[in-house]
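Model the placement of chain S on the given structure of chain V, informed by the hints.
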Amino acid sequence: MELKDKLITSFLAFEEDLDPDNGIYDLRNEAIKNFENIGFPNRKNEDWKYTSLNSILKHDYSVFPKKEDVLEYRDIKKYLIHDIDTYDLVFIDGIFSSHLSQTTHDKIDVCLMSSALTKPKYKPVIENYFNKIAPKSGLNSLNTAFAREGAFIHIHKNLQVDKPIQIINFATGNETSLLLQPRNLVVVDENSHVQIIERNQSLTDHPVLTNSVTEIFADRRAIVDYYKIQNDKLSASLIDNTYIEQKSESNVSVHTFSFGGNLTRNNLHFYQRGERIDSTLKGVTIIEGKQHVDHNTLVHHIEPNCESHQDYKGIFDDKSTGVFNGKVVVEKEAQKTNAYQANNNILADDNATINSKPQLEIFADDVRCSHGCTIGQLDKEALFYLQSRGIPLKEARGLLMYAFANNVLESVKIPEVKKRINKLIATKLEVELGFNL
Amino acid sequence: MAYTEDDLKKELETKEYEYGFYTDIEYDTFPVGLNEDIVRAISKKKNEPQWMTDWRLEAYRAWEKMEEPEWANVKYKKPDFQSISYYSAPNKKPKLDSLDEVDPELLDTFKKLGISLDEQKMLAGVAVDVVMDSVSVTTTFKKTLAEKGIIFCSISEAIQEHPELVKKYLGTVVPQRDNFYASLNSAVFSDGSFCYIPKGVRCPMELSTYFRINQAGTGQFERTLVIADAGSYVSYLEGCTAPSRDENQLHAAVVELIALDDSEIKYSTVQNWYPGNKEGKGGVYNFVTKRGICEKNAKISWTQVETGSAVTWKYPSCILKGDNSVGEFYSIAVTNNYQQADTGTKMIHLGKNTKSTIISKGISAGKSQNSYRGLVQINKRAENARNFSQCDSLLMGNKCGAHTFPYIEVKNKSAQVEHEATTSKIGEDQIFYCNQRGIDTEKAIALIVNGFSKEVLNKLPMEFAVEAQKLLEISLEGSVG
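Residue numbers (this note's numbering), protein chains in the order written: chain V, 191 to 627; chain S, 79 to 559.
Don't read these hints as lab results, they were simulated from the structure.
Misleading hints may appear alongside valid ones.
To be verified - Some chain S residues judged to face chain V by a derived CB distance under 7 Å, without partners named:
hint: 1; residue: Glu487
hint: 2; residue: Val488
hint: 3; residue: Lys489
hint: 4; residue: Asn490
hint: 5; residue: Glu496
hint: 6; residue: Thr500
Since the model is a prediction, treat every value here as computed from it, not as a measurement.
Using N, Cα and C, we set each Cβ at its ideal position, and we do this for glycine too.
Only chain V is shown next, with the shape it has when bound in the complex (with noise of 0.2 Å):
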C-alpha cells in the first residue's frame, strides 16, 4: 500500500480515540482531507523542482509506534548541550520521557503539546495561535492531522526566560521503520526573550522520517533566537516547517547547522506583521556521500522599515547535493525595507551538485534589496600560503573552510552551542583545531 494511503487509512483508527469536542477535532478532518488532495510533493512543483521524496517515502513507516522505548540519559547525554542548565523537552519515538525532561509552569510554560491540546488553560493560545501560520501544504496539512505531540512554550510578558530551552526527538529502534510528526508551538509576548535549541536524533540505522511543524509567534519587542543542529544518522531524514510571525519591533534569528541526515529539508518562512522588524536566517550546511540538503527560505516584508538578513554556507563533497531556495518578497507598503541574501558554496567533489535559486520579488521602490550567490572552491593562493608555513594540505583546507563557514557562527549566542557546532565542523571537516574561540 503507497503511503498515502496508509496514513490516510490510518488517520480513521486515529480518529477514533479523539474527543469530538476538542477544539482542533474539525481542523484535523480538514487537514486529511487536504492531504488527500494534495498528497506528498513532487518535482513538478516549482518549491520542490531539486529534491524528489520519492527515495524516502518508499519505506513503510510505522505512524504509531507499538510500545514506549525507555532511555537513560547516559545513552542520550551526548547528544544535549549539557554543561549548561536548561529546560529539556524530550521525546521518544513522538513520546515524552518525562524523566530525561525538565519541564516548568512557573511564569512561563515550557511543556507539552498533548496537555495543551486538551487542557482548557491553554485553550485560548492554542485558539490563537495553533495553525495559524503554516501554510495548508500536503506535508503540513499531514503534520496538523496527526499533531499529537511536541514542544509547547508560552513566555508571558515582560520576562528574559532564565535559561535556554532544548528541544529534541529521539527515534528507537522498536520499529523497522518509523515516521515522527513533532508539532511545535512557540509563542512569546511583549518584551520577552527565549533562546531554543532543537534536535531530532535517531538512534537506530532504521529508516526514520520526521515530517517536523513549529509555529513561532514573535509579539511587540520580543526577541527569539532558536538554533537547529541537524546532525542525524545517514538513515534518517527531516523535513522541518517553521514558520514565523513577529510583531513590531521583535528580532527573531534562526540558525540551522545541517551535517547529517539523508535527507533533509528545511522550509523556513517569516513572516513580518509589524515596523521594525529584524529577522536574521543563518546556515551553515556541510555534507558528504550521498547527503541531501534543501534550505527553502521565504521573509514577507508586509510593513514598512523592517530588515532581513540571510546568510546561508554550504561545503558540499563526494556525491552531496545541495539546495537554496531563498525568496525575499516586499510588499507595496513595505518601503524603506533592507533586506540581503548571501548564499556561498564550496564544491569539494566533481561529483557533488548545487542548485541555487535565490529569489527577489519587490513591489516598493524605496527599497535596498540585494542578493549574492557564489559557487567556486577555495582560493589556490591562500592554500598555498599555508602549506608553505608549514600546515599540510589536508589541515589547510580544513583551516579554511572552517574560516569559509565560521562567520555565520558569529551570531549565534550561546557560547557553549558555538563550541559544540565549532567542534561538530571540525569533525566534520577531519581537522584538528588547535585554537579555541
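Frame of chain V; chain S shown alone:
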C-alpha cells in the same frame, strides 16, 4: 520649477507610442484559424519543397498536443489561436532588384521607422532585410555581400536556393517540439531572415532585419537562422515595431544561431513592439525563443533593449558546447504602464573552460512588472567553467514590481559562479550630489538612468546605439539625455 521624480513618472505615464501608425497597403491575408490545411497552404504559398512541408506538419502535430505554459511571472488573456490569421503579405510583391521598385508607401513606412533605406544605401553601413507582416520585403546589399560569399536573404528564399544549409541546420538548436510557441512557429512561420557566413570571412557590415506587424488580426511568426562557419564573424541587428491597436497581437519568433569553431556572432535586438496604451489595452504579446549554440572557441553575444510589447517572454540562450566557448548576455528591459516582462537568459555550460557573462538591467515604471529569470547550468564535464551574473533593477514609483528568479545549477567543482542582484530606486543622495554640482534634477535623473544602462548600451553596435537611445527616450523621456 524643479523637475522631480514624480514629474518624470507622470511623463512616463502619459508618453505615447510613436510608431503607432498603420500603413494602408493591400494585403493578401489568409482566413483566421489554424489546422493542417493552413500549414499546408502556407507551405504551398511559399512554394516549398516536400521536406519542408513535412517538417512543418510534424511541428504542428507536436504543437497540437502541447499546452500553453503558465510558469512565467506574467498575467495575460491567452490568445485564441483560432482567431489569428497566420499569413499576411503585402500584396504588391514583385521580385525586387533595387529599392526603386519598392512600393513607395512601404518606403514611407520605413522612413517613419527611421530606417530610410536610401540613406542607408548611401552610407553603405547596414544591410537590411525587412520583414513586414510575416513576409520579407526587401533585402539590401545583397550583391556586396555575395562577393564575399555571404548569404543574406529571407528564409523562404534560402529554402529555395540553399536547401542543403537550411535542411542541415534548421531546428538543430530549437527543435520543432522545444516548447509551445517554438512548435507553433515551426509549423506556421511565414518568413524571416537567413544568414550564412562562410569560413574565415569577417562580415564587412552589420546585417539587420526589421520586423513590422502592420495588418490587424494577424500574428507574426518569423524565423531567423544565422550560421557562422568556422573562423567567421558577424554582427546582426534586429528591430521591430507595430501599429497601435486595441487588440493583442501575437508575435512568436524563433531565432537560431549556430557558431561553428572559432567563429563569433553578435546578435543585437531593439524590441519596440506596441506596448499597449496607458490603460493596458492592446499591445503585442512577444513570446520568443532565441537560442545559439557555440562550438569550439566560438562566441555568441546577445544584446537586447526591450522597451515594447504588452507581455514579453523571452530568454536568449547560449549552449556552450565546445571547449573555450563564450556566451554573453546584455539586456536592458524597460517596462511602463501595464507592461509585463519576464526575460533573461540560459547559459548551458557543456565544454571545458567555457565562460559566460550576464548583465541584466531592469527599469520598471508605472504599473508594470519586470522579471529577470535566468539559468546558469554547469554540467559535469564543464571543467573550469566561469560565470558572472549581475541583475540590477531600478524601480520608479511603488505601483510597479521588480523580480529576480535566478536558477543556478552546478555539477562541477572547478566551476566558479557568481551571481549578484540589487534592487533600488534613484537615490536622493545621488540626485543631491548632481544638484550640488549644478546639474538640475531632470538632467540628474537622465544621467543616472543612462549610467545605469550604460554597461549594456555600450555593447550595442554604433548603428543601433542611436536607435536604442531613441527608444529609451520613448519609454523614459526626460530621463535620458
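> Checked against the structure, which of the hints given earlier come out wrong?
Replying inline: Violated hints: none; all satisfied.
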